[in-house]
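Q: What follows is the residue order along each chain.
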Amino acid sequence: MATLNLVQAINLALQQEMQKDDRVIVLGEDVGPNGGVFRVTEGLHAQFGDDRVIDTPLAESGIIGTAIGMAMNDLRPVPEIQFEGFLGPAYDQIVNHAARSRSRSRGAITVPLTIRVPVGGGIHAPELHSDSPEAIYAHSPGIKVVMPTTPYDAKGLLISAIRDPDPVIFFEPKRVYRSFREEVPEDEYTIPIGEAKIVSEGDDLTVVTWGASLFQCIEALDNAPDDVSIELIDLRTIDPFDMDMIAESVEKTGRCVVVHEAAMTCGLGAEISSRVQERCFLHLEAPVQRVTGFDTLMPYYKLENEYLVNAKRVGQAIEEALAY
Amino acid sequence: MPKTTAYTASIEYISILDEQGKFDEKLGKGLITDEQALDLYERMTVCRQLDEFAFKLQRSGRMGTYPQNKGQEAAAVGSALALTPGQDWVVPSYRENAALFMMGLPMHYVLQYWMGDERGSQIPENVKMTPLSVPIGTHMLHAAGIGYAERIRGTKNVVATYFGDGATSEGDFHEAMNFASVLKSPVIFINQNNSWAISVPRDKQMASETVAQKALAYGMPTVRVDGNDIFAVKYAMDDAVKRARAGEGPSFIEAVTYRLGDHTTADDARRYRDPQEVEAWIARDPLIRTRKYLESKKLWNQAKDDTLQERAKTIVKEVVATAEGVSKPEIDSIFNAMFAEPHTELVRQRDTMRTSSLGKDPSQTGLKNTTQNV
Ligand SMILES: Cc1ncc(C[n+]2csc(CCOP(=O)(O)OP(=O)(O)O)c2C)c(N)n1
Ligand SMILES: [Mg+2]
Chain A
1391 MATLNLVQAI
1401 NLALQQEMQK
1411 DDRVIVLGED
1421 VGPNGGVFRV
1431 TEGLHAQFGD
1441 DRVIDTPLAE
1451 SGIIGTAIGM
1461 AMNDLRPVPE
1471 IQFEGFLGPA
1481 YDQIVNHAAR
1491 SRSRSRGAIT
1501 VPLTIRVPVG
1511 GGIHAPELHS
1521 DSPEAIYAHS
1531 PGIKVVMPTT
1541 PYDAKGLLIS
1551 AIRDPDPVIF
1561 FEPKRVYRSF
1571 REEVPEDEYT
1581 IPIGEAKIVS
1591 EGDDLTVVTW
1601 GASLFQCIEA
1611 LDNAPDDVSI
1621 ELIDLRTIDP
1631 FDMDMIAESV
1641 EKTGRCVVVH
1651 EAAMTCGLGA
1661 EISSRVQERC
1671 FLHLEAPVQR
1681 VTGFDTLMPY
1691 YKLENEYLVN
1701 AKRVGQAIEE
1711 ALAY
Chain B
751 MPKTTAYTAS
761 IEYISILDEQ
771 GKFDEKLGKG
781 LITDEQALDL
791 YERMTVCRQL
801 DEFAFKLQRS
811 GRMGTYPQNK
821 GQEAAAVGSA
831 LALTPGQDWV
841 VPSYRENAAL
851 FMMGLPMHYV
861 LQYWMGDERG
871 SQIPENVKMT
881 PLSVPIGTHM
891 LHAAGIGYAE
901 RIRGTKNVVA
911 TYFGDGATSE
921 GDFHEAMNFA
931 SVLKSPVIFI
941 NQNNSWAISV
951 PRDKQMASET
961 VAQKALAYGM
971 PTVRVDGNDI
981 FAVKYAMDDA
991 VKRARAGEGP
1001 SFIEAVTYRL
1011 GDHTTADDAR
1021 RYRDPQEVEA
1031 WIARDPLIRT
1041 RKYLESKKLW
1051 NQAKDDTLQE
1061 RAKTIVKEVV
1071 ATAEGVSKPE
1081 IDSIFNAMFA
1091 EPHTELVRQR
1101 DTMRTSSLGK
1111 DPSQTGLKNT
1121 TQNV
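Which chain is which? The protein sequence lines are A and B, in order. Residues in the first sequence are numbered from 1391 upward in steps of one, following our numbering. Residues in the second sequence are numbered from 751 upward in steps of one, following our numbering.
Calculated from the structure, these hints are not laboratory results. Quick caveat, the model's predicted, so the values are computed rather than measured. Note that CB positions come from ideal geometry on N, CA and C, so glycine has one too. Among the hints, erroneous ones may be present.
Claimed, not checked - Just some of the chain B residues that point at chain A, by a computed CB distance under 8 Å:
hint, residue
1, 806
2, 867
3, 868
4, 887
5, 891
6, 899
7, 917
8, 920
9, 952
10, 955
11, 1075
12, 1077
13, 1084
14, 1085
Just chain A, with the same shape it has in the complex (with noise of 0.2 Å):
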């Protein structure tokens, strides 16, 4: 088995998935011969060709519009979003058109679309280049939102999106794109979305994340006194998440804290929270804690670090639900 790393797992999914289904059009800014910015389309127009890898005009709301089009018939479209601070103009395509066509046409019409976009910071990268806006996304309803972490995770989820019925957006944590690697198996897989991992199981504390924000957690649960045991839930699927897991692991352990690199106020773990309160209310032994990012703009590199979620903080709001 291969040890990859998650550019190219999503890699090898793509190129399994358009190997096998040439309704799959991989499109973007510079996914064609350039391989995208971050690599993950590499190879793909050498194999496929213009016509199944486009290299598209520098237009976020034409590649999202477009590539609707083309789901609506019979295409399996991947567009890539170059960043996520460039979905803002794809804005309306998304959420007016892809996550309601389904919906409003009584299922006449609908937009099986799997968006790839790279998302988060810690990667000293220009201004919005480094944002996690997925609780916007999660927020919108008819739009599946996935956030796979590790490489093994990536091929899976990505499979499944891609096969999807429905349109996902499908963000990967740039900060692990090259710093993590695992075996991922050549063959073929799949990773339900909507299902959520336990990474490490525990039993006197819950740890909820997504995303790069994974590394963090594993660092504070390391650092955690031993005697101690925390469980460790990787959600992956942002949109629906998997709340049943959720609850059945707080329900063992009484105490839960939830932690994403993306800003506070209406995050997502304002919702893990609530529903923690409305399922788990007799389990609790402690208030649900976040550890989050800001309600700033993300900081422009020099003061990036401060800003990101870390082990300090997560440990911090460990021991504080514990002594609770």
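Model the placement of chain B with the ligands on the given structure of chain A, informed by the hints.
A: Only chain B with the ligands this time, still in chain A's reference frame:
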């Protein structure tokens, strides 16, 4: 009924100082004085050296991603020469540094910005420009609005907005052109057509033969010029500025130029670009032909050039020292800068981020006396 012609148009192409240094005396007469030409050559040289230095800074970890301007200096200085600093506005993209400096922006701002510090966008009060724009093709709408404000106040001030060939694919570009035309906003749309948008060549970016013709659809006077020719750029700019000051609304200039460097320091153009194409454009370098012009007028020689190169080096070193000399921004600034007054929750987050879990009163948490830093 016989068919008639509903619309015809043609677009002029202007070149005054060509790559051999040949100068069109008729068109070029009185456009740029000798003194100005010397000044522009110096500015282009400094800008080029700033680029080279910035590249090295990035490679040695002293600066983040940086977009070189290399090869496009003439379009910047030739256009800015027609503007009045302190009165006219510039709404930039990121590949016209020399124009920003002519409008009064201290040079270290640009470096400080690309060094990851928002204070590089804290435009001094007497400089009329907006910060560099990261979302491509979206800022030109602001030029339409800024110009409109000047128009209804009855000033004669104009707005120059810069953007690339790729930027003309964004919907906002077309909205900006339409709004500026309909509102008769005194805007000069300056397209730096450098043939590439990262790895996407111009012919994949658009099916139209020129960028200039896009303006026709908005009823806007438009022209295509040799963008590596300070005279051609100035010529078109004078025309456009005159119309704008006279209340005749916006104009469009396509400056045909070339990005001699990588897209940014994060890019490797060898992956997608024919080196022969680059070679051909190196011969059309705006610095080379401006120097030839100055030499032909006996205004320049090797000794003077050597002195200038040394002076440019000194200037750039000082600018780098200034940019690197500023202290690291305070983390509190990210909260304080959000609104005119930070609201209660922001203040709470600001004041608790070092001592406790975010947004909580330390006395109410399970942990007492925590003084951990983030
Ligand atoms: C809205 C938006 N989409 C994508 C990007 C990423 N990006 C940055 S520069 C660039 C190419 C710009 O090309 P062009 O407009 O020709 O300007 P040039 O860089 O050639 O000066 C792209 C795609 C961005 N910054 N903003
Ligand atoms: Mg360009």
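Q: Confirm or reject each hint.
A: Do the hints match the structure? See the list:
1. 806: violated, 17 Å
2. 867: holds, 5 Å
3. 868: Cβ of residue 868/B sits 5 Å from chain A, so the hint holds.
4. 887: Hint on residue 887/B: holds, closest Cβ of chain A at ~7 Å, below 8 Å.
5. 891: violated, 12 Å
6. 899: violated, 24 Å
7. 917: holds, 7 Å
8. 920: holds, 5 Å
9. 952: violated, 10 Å
10. 955: At about 5 Å, which falls below the 8 Å cut-off, the nearest Cβ of chain A leaves the hint on residue 955/B intact, so it holds.
11. 1075: Nearest chain A Cβ about 14 Å off; hint violated.
12. 1077: Nearest chain A Cβ about 10 Å off; hint violated.
13. 1084: holds, 4 Å
14. 1085: Status holds, d = 6 Å.
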